[in-house]
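Chemist: In case you want the letters, here they are:
2 protein chains.
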Amino acid sequence: MRRLGKLLRKRSFRAVEGVLVVEGAELLAQAFEAGATIEAVYVAPEGGHDVGVRALVDRLVTAGVRAFDLAPGVLGKVAGTASPQPVLAVVGFAPVAIDELLAPVSRREAGGTVLVLVDVRDPGNAGTIIRVADASGARAVVWCDGTVDPTNPKAVRASAGSLFHLPVVSGGDAREAVSALGRSGYVTVGAVVRGGTDYASFDWVRPVALVVGNEANGLDQEVTAELDTTVSVPMAGRAESLNVSVAAGVLCFEAARQRREGGWRTAVGSGGSSSSTISGMEGRDARPAGREPG
Amino acid sequence: MRRLGKLLRKRSFRAVEGVLVVEGAELLAQAFEAGATIEAVYVAPEGGHDVGVRALVDRLVTAGVRAFDLAPGVLGKVAGTASPQPVLAVVGFAPVAIDELLAPVSRREAGGTVLVLVDVRDPGNAGTIIRVADASGARAVVWCDGTVDPTNPKAVRASAGSLFHLPVVSGGDAREAVSALGRSGYVTVGAVVRGGTDYASFDWVRPVALVVGNEANGLDQEVTAELDTTVSVPMAGRAESLNVSVAAGVLCFEAARQRREGGWRTAVGSGGSSSSTISGMEGRDARPAGREPG
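Line by line, the protein sequences are chains A and B.
Mapping of the first sequence onto our numbering: residues 1 to 294, in sequence order.
Mapping of the second sequence onto our numbering: residues 1 to 294, in sequence order.
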């Protein structure tokens, strides 16, 4: 029990043990279905009375997981909340090393965007971004120094199981990670509030490493200096910026949209070859062999 | 002081008084710049020592706002948090009636999407969606019964000032609101996790009322029955759904993208006329006559 409390509260302890704590039956079922190693499951009395929780725990026990029934009130004390989830589990989790993303381009081209987080501080945002990455078909999420720990209980909750669905890569120093990705063939692109290429006229159908920064301050100078280019989401209203997880969502799903439609749209205009059978048709989808159109 | 505490905690009291509480200098400056009526500002001793806060309070006082200096510790007690913002203000806020959105189509066509919230329960999500609506150029946000109060302090914070930038409409009963919007010429579209039209092949360049539902359960049967159609964001990974504010962001910025490019893109594919000069070119941009190119 003391270990469980320490795992919930101490990042370094989770890192040393190579585990995180999953709270609640739904999240735990997702972790299990995603093939995560469930080390042990702890069930509060309320959980024992819940048909869904009992069925899940039975499945886990059948699969060889150790289950512990807890006395009333114990889980609340351990979790440090008044209304804890009726079931917690210690689940194996170890970030992947960045070298695994630096494989030859031929293999990489099949995959989606790599999302790089730099100084993202809010665990809710960080977890939501992992969920966005998963849902949009991103290849991996790279976690650089300064970003809140992905095993933070709030981040685990916000990721809604996606933490177990795609590689979460330990990126270390942000500048070095961006530089390494660039050297190995990714177009490195920073998301900036303004001044970047319109994200909708950017070609996402190639190996792209999308770098998102701090909620309040964006990307710092040192990281920006390593980037190939930047993109922005044009804003129409008087809002000064977007929430970082919403911005990641808008960018990653534009990438997914372009991939789904088999190309990226450029406004070729009057200069392009055109055989308009539809009135006013002007644009083209072009996919160049090389680099940067925007 | 007692009134301030009550305003922070009681929705009904805020509604009766027609105000909300804005916390922090940045948000307060945004409210002021957006033309909101600042009724009174309360400054903790830490605020009095902050150059930025003092400059803002001076501007407000010059504009005729009453300012009150508080004794140490008072604000923490009122706000009910250990580290409150050093400045709070009572700011006028009254939701607009839905009738104002039901004006003749000719006027409405100039504007963007109307976002309708049904049973959105998390104040952080609700505030973030207002921010999304503002930044994407939406026309208004309609707040239906069952959705968390927009004047909730966490929603106010998450909206990052956008609450003062676009009309927040009191929608009342969700079914009636959707039905009224439909009757008055809006295409009413529900965001659903799966089974809807691909949002990227949906025409957003027309009066659209986009209806988003509860975080866990989506839209209920009664509301769905009133809708013209539904849209979904295709998901590539194993994520089961998107966070509701991210989904709203993806949809609203697709609407903004289509409006910016002067039309809605159809994937004509192999059936369309094609003069591929660039390898891999597959898609087409159909842009109706008479509009602004991207």
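Any given hint might turn out to be false.
Since the list can't tell identical chains apart, any single copy or any two copies may satisfy a pair.
[Claimed, not checked] In the SDA-like style, the derived pairs of lysine to any residue whose C-alpha atoms are separated by at most 25 angstroms in a straight line are:
no.: 1; residue 1: 154; residue 2: 179
no.: 2; residue 1: 10; residue 2: 50
no.: 3; residue 1: 10; residue 2: 182
no.: 4; residue 1: 154; residue 2: 237
no.: 5; residue 1: 154; residue 2: 235
no.: 6; residue 1: 10; residue 2: 146
no.: 7; residue 1: 77; residue 2: 217
no.: 8; residue 1: 154; residue 2: 238
no.: 9; residue 1: 10; residue 2: 195
no.: 10; residue 1: 77; residue 2: 65
no.: 11; residue 1: 10; residue 2: 81
no.: 12; residue 1: 6; residue 2: 72
no.: 13; residue 1: 154; residue 2: 203
no.: 14; residue 1: 154; residue 2: 183
no.: 15; residue 1: 154; residue 2: 260
no.: 16; residue 1: 154; residue 2: 218
no.: 17; residue 1: 6; residue 2: 82
no.: 18; residue 1: 6; residue 2: 258
Derived by calculation from the structure, the hints in this document are not laboratory data.
Chemist: Using 25 angstroms as the alpha-carbon threshold, which applies to residue 154 and residue 183: within, between, both, or neither?
Modeler: Answer is neither: 34 angstroms inside a copy and 43 angstroms across each miss the 25 angstroms cutoff.
Chemist: Reference check for the pair residue 6 and residue 82, CA-CA at most 25 angstroms: within, between, both, or neither?
Modeler: Both: 18 angstroms inside a copy, 24 angstroms across copies.
Chemist: Please sort residue 154 with residue 235 into within, between, both or neither, judging by C-alpha distance up to 25 angstroms.
Modeler: between (29 angstroms within a copy, 23 angstroms between copies)
Chemist: 25 angstroms Cα cut-off: does residue 10 pair with residue 182 within a copy, between copies, both or neither?
Modeler: neither (33 angstroms within a copy, 52 angstroms between copies)
Chemist: Using 25 angstroms as the alpha carbon limit, work out where residue 10 and residue 146 are close: within a copy, between copies, both or neither.
Modeler: within (16 angstroms within a copy, 37 angstroms between copies)
Chemist: At 25 angstroms max between alpha carbons, let me know whether residue 154 reaches residue 237 within a copy, between copies, both or neither.
Modeler: between (31 angstroms within a copy, 21 angstroms between copies)
Chemist: Can you tell me if residue 77 and residue 217 fall within 25 angstroms by alpha carbon in one copy, between copies, both or neither?
Modeler: neither (36 angstroms within a copy, 30 angstroms between copies)
Chemist: What label fits residue 154 with residue 179 when the C-alpha limit is 25 angstroms: within, between, both, or neither?
Modeler: neither (30 angstroms within a copy, 38 angstroms between copies)
Chemist: Pop the pair residue 10 and residue 50 into one bin, within, between, both or neither, using alpha-carbon distances up to 25 angstroms.
Modeler: neither (30 angstroms within a copy, 34 angstroms between copies)
Chemist: Within, between, both or neither: how does the pair residue 154, residue 260 come out at a Cα-Cα threshold of 25 angstroms?
Modeler: Cα proximity of residue 154 and residue 260: none, with 32 angstroms in one copy and 37 angstroms across.
Chemist: Since the copies are identical, ignore which copy is meant and state whether residue 154 and residue 203 lie within 25 angstroms (CA to CA) inside a copy, between copies, both or neither.
Modeler: Neither. Shortest intra-copy (34 angstroms) and inter-copy (37 angstroms) distances fail the 25 angstroms Cα cut-off.
Chemist: As a check of your reading, is residue 10 near residue 195 (CA-CA no more than 25 angstroms) within one copy, between copies, both or neither?
Modeler: neither (39 angstroms within a copy, 42 angstroms between copies)
Violated hints, listed in ascending order, are 1, 2, 3, 7, 9, 13, 14, 15, 18; each of the other numbered hints is respected by the structure.
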